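Peer 1: Listed here are the chains, written in short residue letters.
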Amino acid sequence: MINKIVQSMAEALAGIRDGSVVLLGGFGSVGQPNALIEALIEQGAKDLTVVSNNAGTGRSGLARLLELGRVRKIVCSYPRSAGSVVFEEVYRAGKIELEIVPQGTMSERMRAAGAGIPAFYTATAVGTKLATGKEEREIGGRKYLLEEALHGDVALIEAWEADRWGNLTYRSSARNFNPVMAMAAELTVAQAQHIVELGALDPEKIATPGIYVGRVVHVAYGEPAVT
Amino acid sequence: MINKIVQSMAEALAGIRDGSVVLLGGFGSVGQPNALIEALIEQGAKDLTVVSNNAGTGRSGLARLLELGRVRKIVCSYPRSAGSVVFEEVYRAGKIELEIVPQGTMSERMRAAGAGIPAFYTATAVGTKLATGKEEREIGGRKYLLEEALHGDVALIEAWEADRWGNLTYRSSARNFNPVMAMAAELTVAQAQHIVELGALDPEKIATPGIYVGRVVHVAYGEPAVT
Amino acid sequence: MATATLPDACKPLTREQIAARLARDIPEGWYVNLGIGAPLKVADYLPAEREVIFHSENGILGMGPVPAPAAINPWLINAGKQYVTLRGGGSYMHAADSFALIRGGHLDLCVLGAFQVAENGDVANWSISDNDSAPAVGGAMDLAAGARQLWVLMEHQTKSGDSRLVRRCSYPLTALGVVKRVYTNLAVLDVTDDGFVVRDIVPGLTLEALQSVTDAPLRMAIM
Amino acid sequence: MATATLPDACKPLTREQIAARLARDIPEGWYVNLGIGAPLKVADYLPAEREVIFHSENGILGMGPVPAPAAINPWLINAGKQYVTLRGGGSYMHAADSFALIRGGHLDLCVLGAFQVAENGDVANWSISDNDSAPAVGGAMDLAAGARQLWVLMEHQTKSGDSRLVRRCSYPLTALGVVKRVYTNLAVLDVTDDGFVVRDIVPGLTLEALQSVTDAPLRMAIM
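Protein sequence lines, in the order shown, are assigned to chains A, B, C and D. Each residue of the first sequence is one higher than the one before, counting from 1 in my numbering. Each residue of the second sequence is one higher than the one before, counting from 1 in my numbering. Each residue of the third sequence is one higher than the one before, counting from 1 in my numbering. Each residue of the fourth sequence is one higher than the one before, counting from 1 in my numbering.
If you are wondering where the hints come from, they were derived from the structure by calculation, not from laboratory data. Treat the hints loosely; a few may be bogus.
[Claimed, not checked] To spell it out: a stretch of chain A is covered by chain C in this simulated footprint if at least three of its residues, at any positions, have a beta carbon under 8 Å from a beta carbon of chain C; those stretches are:
| hint | region |
| --- | --- |
| 1 | 20-31 |
| 2 | 76-83 |
| 3 | 175-182 |
Quantities reported herein were computed from a predicted structural model and do not represent experimental measurements. Here a beta-carbon is modelled for each residue, glycine too, at the ideal position from N, C-alpha and C.
Bound-form chain A, shown alone:
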């Protein structure tokens, strides 16, 4: 019997190695896998590359991971926001590498990784300083940049409901980066607010089919805070 549901955080994050590329879901605190990020702090992997829309706020979660010096590089679209104090400290101190990627390009690069597309062209960022070093090509009279797939070794995501096959639903705007990151990583670990019986999810409504999910852990943490 297939059963992707694991009983502990240690099991959920087992095998994440130093140097991994870790994709972290969520937009702000909505859809953010807080419990998995705390567990990653415990787990100890270092020299990480983190892909996340934001660079953390306050002193916990991703910010704590940065503060502990565990992240070598961060890839994000919006590093600086209210409360991103730790990121700014470590960045100013030269302790972290930053790759700024437009949000849509970041999403599509991960979707491409999941979809077996090594590279694609986009008009986003043409002529801007984020085009530096990228191949530019004219297609049908318009200029485009070549963007490469962005793969993860691990994706940590948050879901609303999950079953033992790893099928997931999300709640409202908590969907955001989670399904795309699930596609893009070698191993996807989902924390889910609710575990349901196999067959209980409406097949027309499953947003992430279990094929993209390796492990599920039950974390009924309640409402996200807005940060």
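Chains B, C and D: place on chain A using the hints.
Peer 2: Same frame as chain A, now just chains B, C and D:
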């Protein structure tokens, strides 16, 4: 008040011009917009390029459109199947141009058109005769082909439920090419088995948001035949 | 530098008034993305009988207004991380689908704030210096390059009195040649092949006075 | 050409037996796409207690068996256009999502029929002649290039007795160097860097006799 629901087939297909690229949804007869295809026969546009997974069967629908000499070119993955007699006649007679595209490349080329991606790389068809004339490029040690976006002027699709904003759901495997074609065309016309009140569709379950749909027409035709 | 002062008789619009002025120009049925900050106010000024469908790039189509505190859904925030609602007919999508919609040219309009707009339609709205190596771009470049039309809503001048309508942007660019119209506290201007054309101007302000606070050359629209 | 006849004592497998033999080798938990035709039979031979999740490229994950006539859902067909069912835990997806799953290497296994397999792993399964200008490729090229493993299920020889296991394919290729294993009516063979290695052979058949009906050179697996 936005109301994309039209009351007649004439209204549904108004403005389709000679020379149009027409995307036809469906996989076999499931999810196939039969009523719209019949209406297109009536409507009269000619010199069409049709994109469809199959090349029609029997003597009605797409096969009839071919038989009437209205299709200049067909783009499909699986032209020859049981009952594709008309296609084979017109093709042997040199009356139609054929572009064979692997099914996944065809889907992705339309998704790319809808997503503003003019071209992407794929490993599908590398080294085969379908690679003829295509740019090959090595990325990360593997060979890929460059494939271009496939746009439609019009998409004719079939849905299960629709509301006046053009939001659509599909039934079971009738989803197939329909959502992708809706994204890829300048004008998408959907025939829907059921029209529902705005707000009646579960927002987690809408498979095609109305932004991709221009017109909806109510066609309660019942069960698809298997061909 | 154009740092002249405005005539006393001129009443610059407040941010709310600029938003209201812009809202007048959005036709029914348009799909619109409103950028973080002042552009978000535009939604408040659309008459209830005019259906306009708002998109938020974090994955909402058919976004409704800010809820009453008792009606908050903590999982439903917009791109500015404010609680919002979903209208009947709205739906959710993941990030790649959301930006496919943007990049694919399906939005009729995006309204962004900006630091500078140039007469060639270039826009700078994400970073105020090439020396700032960690600016936050978010979805601005995707929206600017992807929407069918980009309108900018901004103050006509900086706090220190510099013109934000310029011949060429001095700040790092967000996208090239994409701005179609600019709504400021002083005027509404189209970006044309011949540069800025003034469509509308606040009462008490002449074209000459507007020009005196604007770096880029202005022309009047022929009505 | 290898067109020798087989020894009388040898009992070639039926298509059902080949399917059953292949089914034995699929571990629990694999995601598998079964090609149109004989490969579809594999699903019938999986023991009920072993959960394997079947994908159909027309947009089904978690496909179940053919339904009883009274239980047919007319909107639910597989890629071979047969009525099928959906298991609890199954889901639907559109064509681009379905092929993203294929192309992205998420399927553990794809089983296809073929005209020819070469000792370098090339496979030809969509067209029997370069002169056939309208062959139907369907999803075969995407599946062959995209799945983590490709196994081929086919007769060892053509009806006229030609070997389907060849040094180099003479038919138009579907994909290059992708076949990992071949299940025929006579044997199970791995495709290795050193060519075909025989893993299993039907009772009554020697390696020599198998070689006599096979164009490509064969080696025995060291067990």
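Peer 1: Confirm or reject each hint.
Peer 2: Status of the hints after comparison with the structure:
By the rule of at least three residues with a Cβ nearer than 8 Å to a Cβ of chain C, the coverage given for the region 20-31 of chain A holds, with 4 such residues. For the region 76-83 of chain A, the stated coverage by chain C holds: 5 residues have a C-beta nearer than 8 Å to a C-beta of that chain, and at least 3 were required. With 6 residues carrying a beta carbon less than 8 Å from a beta carbon of chain C, the region 175-182 of chain A meets the three-residue requirement, and the given coverage holds.
Violated hints: none; the structure is consistent with every hint.
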